[in-house]
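Using the sequences and the hints given, assemble the complete structure.
Listed below, chain by chain, are the residues.
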Amino acid sequence: QKEVEQNSGPLSVPEGAIASLNCTYSDRGSQSFFWYRQYSGKSPELIMFIYSNGDKEDGRFTAQLNKASQYVSLLIRDSQPSDSATYLCAVLTNSGYALNFGKGTSLLVTP
Amino acid sequence: GAVVSQHPSRVICKSGTSVKIECRSLDFQATTMFWYRQFPKQSLMLMATSNEGSKATYEQGVEKDKFLINHASLTLSTLTVTSAHPEDSSFYICSATYRVGTDTQYFGPGTRLTVL
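Chains as they are written, first to last, in my numbering: chain A, 130 to 240; chain B, 41 to 156.
Among these hints, one or two may not hold up.
[Unchecked claim] Think about it this way: if two alpha-carbon atoms lie no more than 25 angstroms apart in a straight line, the pair counts; the simulated BS3-like pairs of lysine-lysine are: (1) B:Lys-60 to A:Lys-171; (2) B:Lys-106 to B:Lys-54; (3) A:Lys-171 to B:Lys-54; (4) A:Lys-171 to B:Lys-81; (5) B:Lys-54 to B:Lys-104; (6) B:Lys-81 to A:Lys-232; (7) B:Lys-104 to B:Lys-60.
Calculated from the structure, these hints are not laboratory results.
Remember, predicted model here, so these are calculated numbers, not experimental data.
The structure is reproduced here in structure tokens:
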């Protein structure tokens with residue numbers, strides 16, 4: 130089983146700070162990476178995806194991918210209390226269509 | 041765009057009964073639909089992948105005779121939990137891919153199943 134690892138947290142940051150969420154994966158051949166946000170009792174919602182090494186920015190969110198080191202991260206700038214949720218890292222499996230999810234990192238943004 | 045719905049959102053049933061959950065793509069034709077299960081404090085675990093008009097592909101350890109999947113059209117997939125037991129109580133979530141050749145999955149709101 131290919132692994133996707135995340136620190137379960139909780140990660141606590143003050144409002145307005147940068148939250149940094151990390152994810153490592155074991156399958157060196159993985160090509161597609163996704164970050165989902167999941168509020169308690171709700172289903173995941175897509176934040177962003179990244180395919181290439183480097184940074185990808187979308188509003189307050191920046192995804193970073195380093196395939197050589199097999200890690201992907203998500204930065205949330207100007208964190209808001211509404212960002213408090215569990216963040217799931219997902220990696221596309223070599224089937225080409227199924228996702229392998231990490232257990233998620235719980236983020237708490239304190240006012 | 042890319043809205044996925046599920047019905048029902050919550051169901052409580054007695055042990056031994058069967059429960060059907062529907063997953064619909066509302067504004068697009070889903071080439072592939074996926075069924076996940078999530079237990080409390082755990083991540084999503086893929087149960088099966090279904091393509092319209094063909095048999096579902098089940099993940100290792102998932103009983104295909106217990107979790108029946110029917111993908112009757114490009115906008116509808118159903119999951120039937122047969123002879124449900126308390127250990128089947130979980131959060132069941134479907135997802136769908138938006139376009140052929142893409143791998144981004146969009147998730148339905150989930151169905152909370154409680155088996156008494």
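Going down the list of hints, with the structure as the test:
1. In summary, the hint linking Lys-60 (chain B) to Lys-171 (chain A) is supported, as the alpha carbons are separated by about 20 angstroms, within the 25 angstroms threshold.
2. Restraint check for Lys-106 (chain B) and Lys-54 (chain B): satisfied, since their Cα atoms lie roughly 16 angstroms apart, inside the 25 angstroms limit.
3. This hinted pair checks out: Lys-171 (chain A) and Lys-54 (chain B) have alpha carbons roughly 24 angstroms apart, not beyond 25 angstroms.
4. Distance hint between Lys-171 (chain A) and Lys-81 (chain B) is fulfilled; the C-alpha atoms sit about 13 angstroms from each other, no more than 25 angstroms.
5. About 21 angstroms separates the Cα atoms of Lys-54 (chain B) and Lys-104 (chain B), which keeps this hinted pair within 25 angstroms; it holds.
6. At most 25 angstroms may separate the alpha-carbon atoms for a hinted pair to count; Lys-81 (chain B) and Lys-232 (chain A) meet this at roughly 8 angstroms.
7. At most 25 angstroms may separate the alpha-carbon atoms for a hinted pair to count; Lys-104 (chain B) and Lys-60 (chain B) meet this at roughly 14 angstroms.
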